[in-house]
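Enquirer: So the chains spell out like this:
There are 2 protein chains.
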Amino acid sequence: MNREVVLRLSKYRRLLQKLKVLGLERVFSNNLGDALGVTPALVRKDFSNLKITGNKRGGYIIDELIASIDLILGKNQPREIVIVGCGKIGTALMQYRGLEKDGINIAAGFDIKPEKVSYKGEIPVLGIEELENFIKSRQIKIGVISVPESAATDVFEKMINAGIIGFLNFSPVELKYSKDSIHFDNNNSYVINNINLAVEIENLFFYVNNSQAENS
Amino acid sequence: MNREVVLRLSKYRRLLQKLKVLGLERVFSNNLGDALGVTPALVRKDFSNLKITGNKRGGYIIDELIASIDLILGKNQPREIVIVGCGKIGTALMQYRGLEKDGINIAAGFDIKPEKVSYKGEIPVLGIEELENFIKSRQIKIGVISVPESAATDVFEKMINAGIIGFLNFSPVELKYSKDSIHFDNNNSYVINNINLAVEIENLFFYVNNSQAENS
Numbered sequence: 001m002n003r004e005v006v007l008r009l010s011k012y013r014r015l016l017q018k019l020k021v022l023g024l025e026r027v028f029s030n031n032l033g034d035a036l037g038v039t040p041a042l043v044r045k046d047f048s049n050l051k052i053t054g055n056k057r058g059g060y061i062i063d064e065l066i067a068s069i070d071l072i073l074g075k076n077q078p079r080e081i082v083i084v085g086c087g088k089i090g091t092a093l094m095q096y097r098g099l100e101k102d103g104i105n106i107a108a109g110f111d112i113k114p115e116k117v118s119y120k121g122e123i124p125v126l127g128i129e130e131l132e133n134f135i136k137s138r139q140i141k142i143g144v145i146s147v148p149e150s151a152a153t154d155v156f157e158k159m160i161n162a163g164i165i166g167f168l169n170f171s172p173v174e175l176k177y178s179k180d181s182i183h184f185d186n187n188n189s190y191v192i193n194n195i196n197l198a199v200e201i202e203n204l205f206f207y208v209n210n211s212q213a214e215n216s
Numbered sequence: 001m002n003r004e005v006v007l008r009l010s011k012y013r014r015l016l017q018k019l020k021v022l023g024l025e026r027v028f029s030n031n032l033g034d035a036l037g038v039t040p041a042l043v044r045k046d047f048s049n050l051k052i053t054g055n056k057r058g059g060y061i062i063d064e065l066i067a068s069i070d071l072i073l074g075k076n077q078p079r080e081i082v083i084v085g086c087g088k089i090g091t092a093l094m095q096y097r098g099l100e101k102d103g104i105n106i107a108a109g110f111d112i113k114p115e116k117v118s119y120k121g122e123i124p125v126l127g128i129e130e131l132e133n134f135i136k137s138r139q140i141k142i143g144v145i146s147v148p149e150s151a152a153t154d155v156f157e158k159m160i161n162a163g164i165i166g167f168l169n170f171s172p173v174e175l176k177y178s179k180d181s182i183h184f185d186n187n188n189s190y191v192i193n194n195i196n197l198a199v200e201i202e203n204l205f206f207y208v209n210n211s212q213a214e215n216s
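These protein sequences, in sequence, are chains A and B. Per the numbering used here, the very first residue in the first sequence carries number 1; after that it's consecutive. Per the numbering used here, the very first residue in the second sequence carries number 1; after that it's consecutive.
Simulated from the structure, these hints should not be mistaken for laboratory data. It cannot be assumed that every hint is accurate.
Pairs involving identical chains hold if they fit within one copy or between any two copies, as the list cannot separate such chains.
As the list claims (entries may be wrong) - Mimicking EDC-like on lysine to aspartate or glutamate, the simulated pairs with C-alpha atoms at most 20 Å apart in a straight line are:
1) LYS176 <-> GLU200
2) LYS75 <-> ASP102
3) LYS56 <-> ASP154
4) LYS56 <-> GLU157
5) LYS88 <-> GLU122
6) LYS11 <-> GLU64
7) LYS136 <-> GLU115
8) LYS136 <-> GLU100
9) LYS88 <-> ASP70
10) LYS45 <-> ASP63
11) LYS116 <-> GLU129
12) LYS18 <-> GLU149
13) LYS11 <-> GLU174
14) LYS101 <-> GLU157
15) LYS45 <-> ASP154
16) LYS20 <-> GLU130
17) LYS75 <-> GLU122
Please work from the sequences and hints to get the whole structure.
Expert: Here it is as structure tokens:
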């Protein structure tokens with residue numbers, strides 16, 4: 001399943017939950033398509049690939065859709081992550097309530113600076129030297145990298161050695177990945193999702209400058 | 001030019017600057033390809049689309065590449081943005097030094113809570129009621145949305161009315177967009193880049209769970 005499909009499943013899941021809270025029991029592919037900005041045909045294709053069928057008059061049963069998507073996304077398994085680098089971005093993520101709501105639990109933050117280490121907050125901040133033991137003992141597989149550029153590749157290697165295989169990287173370093181963001185090493189496949197904020201904003205400037213040129 | 005190409009140009013630009021600082025004057029397509037995890041053929045294709053040619057023995061001249069990319073990305077124009085919503089994520093972005101380095105200047109933050117309004121910091125935080133005047137008078141076109149879910153669509157409309165056409169949206173609401181993230185309204189085209197952190201992490205869990213199933 002490609003990345004775009006998986007992202008859409010997450011988005012359907014989120015929307016279905018909200019519709020359910022509003023009391024709805026059924027939903028049509030064009031409702032979901034409208035909300036996500038995709039065609040109803042694509043929604044139906046996504047669901048038929050999951051072996052979920054609706055019917056033209058009644059639509060899809062929301063509870064069935066949610067259960068099927070949860071099975072695929074592994075929502076029923078414990079979902080713990082770590083955050084490495086507790087500067088501005090890392091600390092904001094640790095305090096962000098949006099993850100908890102989706103059942104994603106931040107087990108700990110890690111930082112190289114001793115003055116950041118703290119057991120006082122809801123989520124402990126540990127020294128970087130405890131990273132490997134902590135991750136191995138908790139069998140955590142997903143980590144966020146929010147360290148400065150100079151520390152990124154070093155932290156990346158430390159996390160790989162500790163057993164992390166899925167990375168969300170906010171550092172400005174493009175961590176190495178193969179064409180489809182998955183590369184292989186000693187039978188492990190790593191998934192690295194690089195989010196470079198400056199690149200994202202630069203990308204917007206490109207479109208804005210070009211759309212203004214077109215309009216003038 | 002599609003989004004992927006523009007993102008690659010930003011990444012080449014970043015890498016070229018670093019190579020230049022190291023004293024290099026020329027670079028080959030396979031160096032750039034290795035660093036970005038793409039094929040040298042794709043690098044050459046990107047550059048030939050920009051009418052930049054290298055030669056097999058000498059490679060590309062770094063200064064020429066940088067100048068051409070800057071022209072396309074509009075790097076020589078003033079690049080001001082606003083941040084709407086000065087909670088955890090918004091404040092982290094305002095304090096993040098990574099944008100400044102790339103010549104992206106945060107003109108102001110905006111928040112609905114009067115106690116957040118402040119002219120003391122390097123970047124002022126203004127009340128949301130000043131949004132429209134500020135953006136219009138400074139002719140700012142790009143804005144970051146980092147408000148809670150409940151405020152996202154309201155803030156989005158306010159920003160459109162003020163003249164913002166490029167959006168980086170960190171709220172968990174998927175702001176409406178057409179198939180290729182650009183939709184048209186009264187002759188303006190809007191570009192909306194939604195970054196949903198929970199969705200990104202969920203996506204990693206999907207790959208990690210599935211790669212473990214394959215390996216076991």
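Enquirer: Does each hint hold? Answer for all of them.
Expert: Do the hints match the structure? See the list:
1. With identical chains, the CA atoms of LYS176 and GLU200 are at most 20 Å apart both within one copy (18 Å) and between copies (18 Å).
2. In this homomeric assembly, LYS75 and ASP102 come within 20 Å of each other (Cα to Cα) only inside a single copy, at 9 Å, whereas the closest approach across copies is 38 Å.
3. For a Cα distance limit of 20 Å, the shortest separation of LYS56 from ASP154 qualifies neither inside one copy, at 54 Å, nor across copies, at 34 Å.
4. For the homomeric pair LYS56 and GLU157, neither the shortest alpha-carbon distance inside one copy (51 Å) nor that between copies (34 Å) is at most 20 Å.
5. Taking the shortest alpha-carbon separations for LYS88 and GLU122, both the intra-copy value of 17 Å and the inter-copy value of 16 Å come in at or below 20 Å.
6. Proximity of LYS11 to GLU64 under the C-alpha cut-off of 20 Å is restricted to the intra-copy arrangement: shortest distance 16 Å within a copy versus 42 Å between copies.
7. In this homomeric assembly, LYS136 and GLU115 never come within 20 Å of each other (Cα to Cα): the closest approach is 24 Å inside a single copy and 43 Å across copies.
8. For the homomeric pair LYS136 and GLU100, neither the shortest alpha-carbon distance inside one copy (22 Å) nor that between copies (37 Å) is at most 20 Å.
9. Within a single copy, LYS88 and ASP70 get their C-alpha atoms no closer than 32 Å, and across copies no closer than 29 Å, so neither meets the 20 Å cut-off.
10. Taking the shortest Cα distances, LYS45 and ASP63 sit within 20 Å of each other inside one copy (19 Å), while across copies they are farther apart (48 Å).
11. With identical chains, the CA atoms of LYS116 and GLU129 are at most 20 Å apart within one copy only, with a shortest distance of 13 Å there and 37 Å across copies.
12. Only between protomers do LYS18 and GLU149 lie at most 20 Å apart by alpha-carbon distance; the minimum there is 12 Å, versus 38 Å within a single protomer.
13. Taking CA atoms no more than 20 Å apart as the test, LYS11 paired with GLU174 passes between copies only; the shortest distance there is 8 Å, against 26 Å inside one copy.
14. For the identical chains of this complex, LYS101 and GLU157 are neighbours neither inside a copy (30 Å) nor across copies (26 Å), given an alpha-carbon limit of 20 Å.
15. In this homomeric assembly, LYS45 and ASP154 never come within 20 Å of each other (Cα to Cα): the closest approach is 42 Å inside a single copy and 32 Å across copies.
16. For a Cα distance limit of 20 Å, the shortest separation of LYS20 from GLU130 qualifies neither inside one copy, at 42 Å, nor across copies, at 37 Å.
17. When the C-alpha separation of LYS75 and GLU122 is checked against a cutoff of 20 Å, the pair qualifies neither within a copy, at 23 Å, nor between copies, at 42 Å.
Figure legend: structure checked against the earlier numbered hints; hints not met, in rising order: 3, 4, 7, 8, 9, 14, 15, 16, 17.
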